[in-house]
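There are 4 protein chains.
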Amino acid sequence: MSQHQGRHFLQIPGPSPVPDRVLRAMDMPVIDHRSSAFAELAKAVFHGCQQIFKTAGPVIIFPSSGTGAWEAAIVNTLSPGDKVLMVETGHFATLWRQMAARWGIEVDFMPGDWRHGASPAEIEAKLKQDTAHTIKAVMVVHNETSTGVTSRVGDIRAAMDRAAHPALLLVDTISSLGSVDYRHDEWKVDVTVSCSQKGFMLPPGLGFNAISDKARAAAKTNKMPRSYWDWEEMLKPNAAGFFPYTPATNLLYGLREAIAMLLEEGLENVFARHKRLAAATRAAVTHWGLEVLCQEPAEYSPVLTAVLMPPGHDADAFRKVTLENYNMSLGSGLSKLAGKVFRIGHLGECNELTLLGALTGVEMGLSLAGVPHRAGGVAAAMSLLEERTHSNASAQLRVISS
Amino acid sequence: MSQHQGRHFLQIPGPSPVPDRVLRAMDMPVIDHRSSAFAELAKAVFHGCQQIFKTAGPVIIFPSSGTGAWEAAIVNTLSPGDKVLMVETGHFATLWRQMAARWGIEVDFMPGDWRHGASPAEIEAKLKQDTAHTIKAVMVVHNETSTGVTSRVGDIRAAMDRAAHPALLLVDTISSLGSVDYRHDEWKVDVTVSCSQKGFMLPPGLGFNAISDKARAAAKTNKMPRSYWDWEEMLKPNAAGFFPYTPATNLLYGLREAIAMLLEEGLENVFARHKRLAAATRAAVTHWGLEVLCQEPAEYSPVLTAVLMPPGHDADAFRKVTLENYNMSLGSGLSKLAGKVFRIGHLGECNELTLLGALTGVEMGLSLAGVPHRAGGVAAAMSLLEERTHSNASAQLRVISS
Amino acid sequence: MSQHQGRHFLQIPGPSPVPDRVLRAMDMPVIDHRSSAFAELAKAVFHGCQQIFKTAGPVIIFPSSGTGAWEAAIVNTLSPGDKVLMVETGHFATLWRQMAARWGIEVDFMPGDWRHGASPAEIEAKLKQDTAHTIKAVMVVHNETSTGVTSRVGDIRAAMDRAAHPALLLVDTISSLGSVDYRHDEWKVDVTVSCSQKGFMLPPGLGFNAISDKARAAAKTNKMPRSYWDWEEMLKPNAAGFFPYTPATNLLYGLREAIAMLLEEGLENVFARHKRLAAATRAAVTHWGLEVLCQEPAEYSPVLTAVLMPPGHDADAFRKVTLENYNMSLGSGLSKLAGKVFRIGHLGECNELTLLGALTGVEMGLSLAGVPHRAGGVAAAMSLLEERTHSNASAQLRVISS
Amino acid sequence: MSQHQGRHFLQIPGPSPVPDRVLRAMDMPVIDHRSSAFAELAKAVFHGCQQIFKTAGPVIIFPSSGTGAWEAAIVNTLSPGDKVLMVETGHFATLWRQMAARWGIEVDFMPGDWRHGASPAEIEAKLKQDTAHTIKAVMVVHNETSTGVTSRVGDIRAAMDRAAHPALLLVDTISSLGSVDYRHDEWKVDVTVSCSQKGFMLPPGLGFNAISDKARAAAKTNKMPRSYWDWEEMLKPNAAGFFPYTPATNLLYGLREAIAMLLEEGLENVFARHKRLAAATRAAVTHWGLEVLCQEPAEYSPVLTAVLMPPGHDADAFRKVTLENYNMSLGSGLSKLAGKVFRIGHLGECNELTLLGALTGVEMGLSLAGVPHRAGGVAAAMSLLEERTHSNASAQLRVISS
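Protein chains in written order, with the UniProt record's numbering: chain A, 1 to 402; chain B, 1 to 402; chain C, 1 to 402; chain D, 1 to 402.
The following block holds chain A by itself, in its conformation from the complex (with noise of 0.2 Å):
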């Protein structure tokens, strides 16, 4: 058989491929994190994040996974009995939502059938209700990796204006940033949490926390307890380009070349790469006559695109197909999605041929799992990829000649 043979096509919606440059600038001797070079380049990479988040605010970088980066938002705004408002956007809101209870937060959880971004007009009429402010922040997940949908944060935070809410907005925004626009302080978000093994194109290993000047004055009088995850303790030795305890160096090297990578292309091509790709995924799905999960055009993740399994046919076992035929790996189904959905990454250091051999991938494992289906998926996406290269190298001659 011939299924490890050649380049695994990782096409899982996070840890996404991580490119060679970012690998190699990893495999280095670590170094004295006490040291002036160190400083440098903690430095280096503090103002490269705060390009990729596009604040001017301080973005901290926990050695931790996402999650951690969730519990560090969570303990450093609220006290233990806050109410929060959140939306049931698929599984890792869910999650979000389970480690808010444990930290003895009250959530108001707008339910959601998986299939839809957060509402701004409900989360608006949420707010205005709440004329005694008692809710003290809206927790959003940005781009849900369970279902590919990707919530419109800049429409919430103009919601939350309307209804003049003092509330703190705090934004997952781990499986899109980097990969989807996203912009903390046009956006007035108080919290962006992220991490490093989505559109940073870095293994797993490092979480983010930017935060606004709200957040951090709420981080002053809150009540809950934390050492790890103390955003004061990280921000003064920070300052000096040092960490009050060992940081994980060698992702630092790596996150070092990530930014630059992405600055190189431009933030703006690195969007609009994801969403050709992405569109160019949903063309197949579409013609393969199977069902996109998201339901809302507006909200069609960049980033990864879930794909519904027709009745009676297991997702599970499709995947197994593919990874075992094919040698590439696709994204399961969580929680009350498992076996109905797979999922298709295409996000970080992806581009047209990666993603449309992924493709071939899909469609050739839907005929050898027996999955009815329409062939011809994979000529759809190249159909859509041409038009946008003609269209772009047209808009690059009018560029050109004007």
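Only true hints are included.
Repeated chains share a single entry, so a pair holds when one copy, or any two copies, can fit it.
Here are the simulated lysine-lysine pairs, DSS-like style, with alpha carbons at most 27 Å apart:
1. K43 - K236
2. K340 - K236
3. K236 - K336
4. K223 - K83
5. K320 - K43
6. K83 - K188
7. K236 - K223
8. K320 - K236
9. K220 - K54
10. K126 - K188
11. K220 - K236
12. K128 - K83
Bear in mind the hints are in silico, worked out from the structure with no lab data behind them.
Predicted model only: the values in this text are computed from it and were never measured.
Following the hints, position chains B, C and D against chain A.
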């Protein structure tokens, strides 16, 4: 100037130099953390950790620094208001105490002079006085990285047994594990805290908790809010080779390789090597006429040696000289020892010639910095190492001939 | 533009993509080439090479490109003025002939149309005519990298046997070894010439000569000045695991790993995989309405497919389009085929999805470059691969149940 | 035993240790050697080589060992029956002579005692006698790797000028280039031969010829069969950044990085560092009461020191002791020096502490092997290095204040 030419001598007491084999093992594509290939990796790593911690119980691995593993030990076993016994062995014991205090723990902090380890006799006395068993835990640092003093954990356990006190025993082995003899099960330690960047010879980014049944039972009833660090959340998926949130996959690749290296050399040989290199270092220091900070020969650290500067000489000025002229990093004095001591790390990927190269840098640096000393320390270290090699060779001959 | 984003598709017929395992094996400190550790490496590599060349005789490894290995074959076996029979299979056969001429060899160069392999029947006829046995060697290129035509070396040997002619048989397997069925001993080849950067999946830098006893005997009496390439100079130290001059140590590390990968997959599986991928490529080309350069189905190359451009369309302009828009390198037409063909490499570290990704790039590129073609080539390739997967699966079932 | 633990000290006079930066630069995917990206790499490398060889003329890079570059120098400039003048400086001069003889060159081999460099005066005398100008070339080894003697090429050139003799000057800089002051153009050298694994700090696999116009003119008329090594075949494609056959791409990546490192440090600083480390090594050797093989202070090699063993002691037995007990490789005595000398390499990626670490290994090894010596050699080396650091520091101060 040649100071940045050639191989850097990283002689701080951690992060320790990462062997090429380990770096290269990490320099590989990340894989799906929900795949069977990942589960195999995780199981191999869990099994290997048990051999290093010398335990038949579970070892939990967090994506975190060692500080996170400290926090995990506290929040899983103690409750706000609990009383614990700690010993002021140095900077890190003080930091751990500070962390406990932040979590609402009442710490009975037995004072120390930073030149001795935790006293088994004093602990025994304290515990015997505590007839009501209000002390919930004894928390000690095995190897104080700030002072180069190694507390006798086996003796402390014996003292606790003599006192017939039910307190938990929590031990920080951050800079000792994998370098100094340590026995989680035999010494009935309840939580052993450790990390990746010292004896494991990995970059920073993993925190460890090895836990006893008693500790696990305590975790079932203690009252401390937690989510990220929760043991039970980890143990369930760990049993199948998975993690409740995205693990630091590439560090796990490195951990598998590092454990293989430790077992190939043989743990007892690893311990003997560290003791031999430490003895050579002290021979040099003593010859120079400088003072080793640790005052109790039975507590000399095998992984680092802290050296007192003669009055009127600044340790950091001296360290700057060795860094700029000889491309070597030495450890600084921490908190109340700042400027007064420098620390020589001799742990992990260290051998005779690397250590002696480092000691020549110290001796030339003392000269260059105008620190009074008697020349010939390196020669003293060489004599000691030669002797050991001779007697090793004889010992081997005996083994072979018998 | 996104053309340089994401993984580059290196679809030239060599150098082929180097697997991560091989790159990492090379990324290690160089060792003393006169040490016993080196001798172990060398012996392992010599033994492994024998398995790949399928010979019990010696395999000589030069620090050189494949061109150097060509020269070694000539200068060790022939003398100025010797007559040899060569076949004009394409660009590389022509270059080898040129080299022979520079060394004073008289070449009977049987003309060819660059679309067929060397004809066993014509060689037989030539040899039968040569009753005086003035022809000292038959020199053929197994797989013509410039045309994608694989000559039938086994049949050529049979033809030589039928002619009962004592000429040496020298074969260039530069782009076939490790990818296409090849049997040095069984086919009584006298010198097999090869290199590192094709089926061995290594960077360029090693040249190989597998030699028969007859070749070695010829080397004892031939008259050609030589030193660097002298076999006997190599064979003496090689026997003990050493080299007469400094070998390319790090490439040898990689070679050991690459051989391990080939043997893990199984050579016969490797050959079958290459044939399957080549068939899929031709299915696409044929569907597009383009012409495969090779005109003899029994001689289709498993490692590359050369494709004729429709008249009026420049192959290099097309290749520029795929490089700039899809980050994929295709091979150019060489010498008289320049601009007229492009070549698709599908060798070494290549699997189904990588190949299909590449074919989508070709299909979109044809469209973008305005080259007339029938859409659907990728789908045709997918159909063929699916079928093979199905029948493989059935074959395996049969094996298992029997 | 700890002999294989920790970093290996590779103290042979080449291959020299490869810096991590260089290894990592090589650890990248191979690219199309006919692409514009490759041409950029090649041009950068050619330009960089000119700076290292100090020439405005072409530098040719072969995929070969240094031995291949020797052969290239011969076959491009000389004809069978030509007479050349060579000097028996040691093992490698003898090997080069042997090679010349194999190519039909008549060598006037001026005898030497392997303890002195080539004598400018004797060369001058020989050339003056040759009034018929039958000597076509003077061929000398700049740094004899087998003896640690560096011939004075500038003086040899002056001698040739005084003799007004038109012979070509061919110089082997295999172990000197990039470590010892060398000036291809200023010294009017016609062919400078070198390789990758010494001063360039790369793995073995590249051979170099820097050539003068006069050498190139000679190549137009000389009579020596050649193909692989032919300069003109190289120079044509080289001008556009290409090669006539597949180049060793990944070594070229490394070469670009290595040149950058040499220029960052500054060539004159690199030379000074090598002289300083060599002086320290000799200070140790002399203190031990051992004899440096080189007898002419003006010819002490900056890159290695060959040390004579006391009578009755075998150098290889001693080397075995340092390898097995201290994980350090030393160079062996070659041909007539076998068993009589050991060689300490101190070139390339070497600095003070690495050298001193190595010297402690030598001193302890002498003791362990029972070789009579006076202890304190390391201390003598340290004294010398300290002094130099002091005076460097003063020199810098003067520079800064002026």
